[in-house]
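Protein chains in written order, with the UniProt record's numbering: chain A, 1 to 393; chain B, 1 to 393; chain C, 1 to 393.
There may be inaccurate statements among the hints.
Identical copies carry no separate label here, and so any pair may be met within one copy or between two of them.
To be verified - The list that follows gives simulated cross-link-like pairs (lysine-lysine, DSBU-like), each with its CA atoms no further than 35 Å apart:
1) K290 with K238
2) K26 with K175
3) K241 with K365
4) K370 with K241
5) K290 with K26
6) K26 with K241
7) K376 with K365
8) K238 with K365
9) K365 with K290
10) K365 with K175
11) K376 with K238
12) K376 with K241
13) K365 with K26
These are computed hints drawn from the structure, not numbers from a lab.
One-letter residues, chain by chain:
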Amino acid sequence: MAKLLLTSMGPSFSSDTNQATSGYSKIYPAFQDVNVMVIFGFGFLLAYLKRYGFSSIGFNILAAVLGVQWTVLLERFLFPDEKEKHLPSILTASMSVVAVLISAGAVLGKANPFQLICMAMVETTAFCASRWTNVYILEIEEHVSLMHVHIFGTFFGLMVSWWLTQPSLRRETGKEDSDVTSDLFSMLGTLFLWMFWPSFNSVLVDGVVEKRNAIHNTYYAIAVSAVIAFALSALTNKNGKLQMTHIHGATLAGGVALGFSAHIIQSPWIAMVLGFLAGVMAVLGPYFVKMCLNSAVKMYDTCGIHCMFGMPGLLGAIAYVILFVIYNWNNLPARGYPALIEVGSLSITILVAVIAGFITGILLKLNICKAPPVSKYFDDQVYWEFPHLAVGF
Amino acid sequence: MAKLLLTSMGPSFSSDTNQATSGYSKIYPAFQDVNVMVIFGFGFLLAYLKRYGFSSIGFNILAAVLGVQWTVLLERFLFPDEKEKHLPSILTASMSVVAVLISAGAVLGKANPFQLICMAMVETTAFCASRWTNVYILEIEEHVSLMHVHIFGTFFGLMVSWWLTQPSLRRETGKEDSDVTSDLFSMLGTLFLWMFWPSFNSVLVDGVVEKRNAIHNTYYAIAVSAVIAFALSALTNKNGKLQMTHIHGATLAGGVALGFSAHIIQSPWIAMVLGFLAGVMAVLGPYFVKMCLNSAVKMYDTCGIHCMFGMPGLLGAIAYVILFVIYNWNNLPARGYPALIEVGSLSITILVAVIAGFITGILLKLNICKAPPVSKYFDDQVYWEFPHLAVGF
Amino acid sequence: MAKLLLTSMGPSFSSDTNQATSGYSKIYPAFQDVNVMVIFGFGFLLAYLKRYGFSSIGFNILAAVLGVQWTVLLERFLFPDEKEKHLPSILTASMSVVAVLISAGAVLGKANPFQLICMAMVETTAFCASRWTNVYILEIEEHVSLMHVHIFGTFFGLMVSWWLTQPSLRRETGKEDSDVTSDLFSMLGTLFLWMFWPSFNSVLVDGVVEKRNAIHNTYYAIAVSAVIAFALSALTNKNGKLQMTHIHGATLAGGVALGFSAHIIQSPWIAMVLGFLAGVMAVLGPYFVKMCLNSAVKMYDTCGIHCMFGMPGLLGAIAYVILFVIYNWNNLPARGYPALIEVGSLSITILVAVIAGFITGILLKLNICKAPPVSKYFDDQVYWEFPHLAVGF
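Can you build the whole structure from these sequences, using the hints too?
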């Protein structure tokens, strides 16, 4: 691999122009925000299982760094001139790898590290391929193509999770519960994701006004979805009590929903309505999923990524198409074409995600992966050496 | 509200100049630092109560995002041309909302979320009104007007806390204690506040030299107050042991004290003396408060905000006036006028804070707010659904 | 001290040029990353001892802020013109103080705060002196001179630790173990160190291309060393289980190894090979150290800094010399001189570290320091007042 990297990455280091690098130093702080989200935010977000904290955080960084390295290598081949022109590959690779981290949420506690690594490799490859199609064939902007990451990660993760779901899996064991400390660690991750989501939605946007709009609109959307999370969490509970899982999920849904359109929305209230809808989906969604989908499809999604990332992502994609049509209403025949393209690009992304996820699911069920038995699910002790067994283990 | 926002915020998005937005991209990293302080720092700072961690962190983000949205809306009306000229409103709103977060420290564990939301609404409105008076009538700089936020939050919070203090409230219950994990989470918040305080004191300062001085002076002051916190904590304990609450409070006091004058101080040693005095106040203050004030005034301030933010803030305001007089000594008759103005502005801030806090306190005691009984104070279980009851609950 | 600061720091505030300060505003975000590493990252990295969390974090910030203030003062005298020209002293002081924080890892749990303060004072002085020799006599670049900090901190810490190691110190007490929560807090610190290491290695590098290379190469190296940490941790355990301490140490080793040469490496694969070697050292090193060194030299290094910072640092220094020779192969007689100089500078650093550490060790054994008895090692209760004793204490 090192040799490949030599030939593939080497040249780019010398062909720099001052322009590109000064642009890079400008976005370095925003890159660090994205880096914090990828390495720290998602890891701690998933650390809410009381007996699976080490694995949630540890396997997150393992999958993230492997995925980033692999994606950098792939992007070198797939997007040769893009890189030269404007973007540092580690940034786009870090954003691509979010798909893996979302999928990891769906199989949280059910896959061993080897399975996660396989998944990370296949998923980043599939996402790069899907992104290549979007950027080169459909001529979608690079920023927009990367915002498909939430939808891709969700559908891929759900397919994999469908294969890994065992009929014997029951919640009774109590291993899948959170405790107070693990919920606080998870809150820690949630807050860092929340705070830096405006960076995620704006870092690749060109143009100062667009970038500012992307930051502002994302902030308004996540602010509204945080409020909605609290309101609906209390309203849907029979004692009027709040549930931590609602807060974790719904505060972030607004940021996901704004991914596509944050930079083109002209008034904050549109962003706020999107944030509101995303928050509603993230809190009410799990009830419907539990009632209908789980029993029908026998799919078991540990972390609830379907309602946290998938549905808000779809909402955002649809809103992007609608807003695009509205903003270009007067000139629709001439300028409406990109809306159609976006619909096509969305379909391709979902298609690639479902197919790749399905195949990956089969792969992970192979004997070679040594999938852990159900009795070993959600348990750090299977993978980690404990110096002495702590209270509660 | 959305409609209001449309008309009130909408236009500003189109009337951008490149100048303003490029300025914005420069301060975006510092805005993120302030954002981390508001959303993460204050939430975890207050998470030291062993049975109130969820509420401390959860209600903090709820109050913060509601306050920011409300303030953005208010500022649009109150400061119409200020916004156009130089400042993104989310930044000033985030700084204004610190008043709410400080007040929330005074009523920590004693107010339900509905009361906190009411308080956030009234307090941000009152602070905006006070700031409007300072900026438009007294013609104080915007940066300095925002630095009144610590003083405003303290006096407002103390008045509210005075109304919510029940005669039956006793410490014996033990609910108000911290445990090791909650103290570490609190330390986490403290450190993030500490690290980013230079950003808070410098983000709105114009001029590169002034900004650099603000960053340096704030760093020196918080460095000294951190050292003093350790020294005095050991000296005031009969066994020479350190107390975590001292460290939490006193490390931050230096930053508060430097708010007003960080950008005009010419020598680091002045900053260090201010940091020293603020640290001393924050450690020794609670002893005097406990002896005199608590018994006399029957005011109960959970988190000790009086000594952590109020007194250092007052010290900073006085130091600002004194330094201003010293630096303009030769030309005092002609240029001394602003010092008087600052005294007036401080008085107005305190006056508005006390009156608004008093009225808010009465509001929160109304039956409509369903204030929790004393037996439910400091307890997460009143507001949060626990999947299963953890050990210790 | 305040008076000294007045005369020593005061003048620099007025002699600013716009150039210098605009440069400063550019590196402020990277400074904040370094600040987070120093104040937060190292503190929480060391918080893995289950009964020593308060002290690890608290004494870390105490030693850090004292060290920074003292170093700023020293640098004012030792590097008078350097400061004027390009660098803000707080940044270089924060980077210098990393030596103290590394040494503190070696004596973690065995030294009281007074001993740590003494150590911080002596160590920053010695490091400044060593750096002065390197910069002024050997004419090493300032950036490279600061990268000796890991090696200096390790050798200094090992010497001090050698003096403080008691023959009666045994691991049986169990006090030195970690528990689940403390390991997660430690992971928190590790991740923040990991994420911001590219900033540490690049902040002082001049030139946009060099800076970008430094960021990229460091990222690749820590990515590889994180993967190696997981792989080797599983391979070296008889049950194939992972060990948290390996993950903590080895993920960071890559960043240390890249310190010297990150900005001159031309191909990512060289950075990755260095990251690989550093990761291997950090995981396998402790086994050899335990077998040979500990029994022979009777040196006891609590946190394993020797393999986490020392050996990867040496590897980095050697790699720097080799790379320098290779890149200048064609013109070696004329341009090879700096390689020799670097070898000399490395020797001086180690020499100063060992001598100063030896003397400091003797100092800390003096009665005046009131060194805690072995029975009080690794215990927060010796230094901290607990409101009530928590479960497990």
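query = At most 35 Å between C-alpha atoms: does K241 with K365 qualify within a copy, between copies, both, or neither?
reply = between (40 Å within a copy, 21 Å between copies)
ask   = Can you tell me if K365 and K290 fall within 35 Å by alpha carbon in one copy, between copies, both or neither?
value = Answer is within; shortest intra-copy Cα gap is 25 Å, inter-copy 41 Å.
key: 35 Å Cα threshold - placement of K238 relative to K290   = within (18 Å within a copy, 41 Å between copies)
query = Are the CA atoms of K376 and K238 at most 35 Å apart within a copy, between copies, both, or neither?
reply = Both. Shortest intra-copy (34 Å) and inter-copy (19 Å) distances satisfy the 35 Å Cα cut-off.
Identical-chain pair category, K26 with K241, by Cα at 35 Å = This pair counts as neither: shortest intra-copy Cα distance 44 Å, inter-copy 42 Å.
key: Within, between, both or neither: K290, K26 at alpha-carbon 35 Å   = Answer is neither: 45 Å inside a copy and 46 Å across each miss the 35 Å cutoff.
query = Given identical chains, is K238 near K365, meaning Cα to Cα at most 35 Å, within a copy, between copies, both, or neither?
reply = between (40 Å within a copy, 25 Å between copies)
ask   = Is the C-alpha distance from K376 to K241 at most 35 Å within one copy, between copies, in both cases, or in neither?
value = So K376 and K241 pass the 35 Å test inside a copy (32 Å) and across (14 Å) alike.
key: Up to 35 Å CA-CA - K365 versus K376, copy category   = within (16 Å within a copy, 50 Å between copies)
ask   = At most 35 Å between C-alpha atoms: does K365 with K26 qualify within a copy, between copies, both, or neither?
value = Neither, since 45 Å and 50 Å both go past 35 Å.
ask   = Between K365 and K175, at a C-alpha cutoff of 35 Å, which is it: within one copy, between copies, both, or neither?
value = within (23 Å within a copy, 42 Å between copies)
query = How would you classify K370 and K241 at a CA-CA limit of 35 Å: within, between, both, or neither?
reply = So K370 and K241 pass the 35 Å test across copies only (14 Å; inside, 42 Å).
Of the hints listed earlier, those the structure fails to meet are numbers 2, 5, 6 and 13, in rising order.
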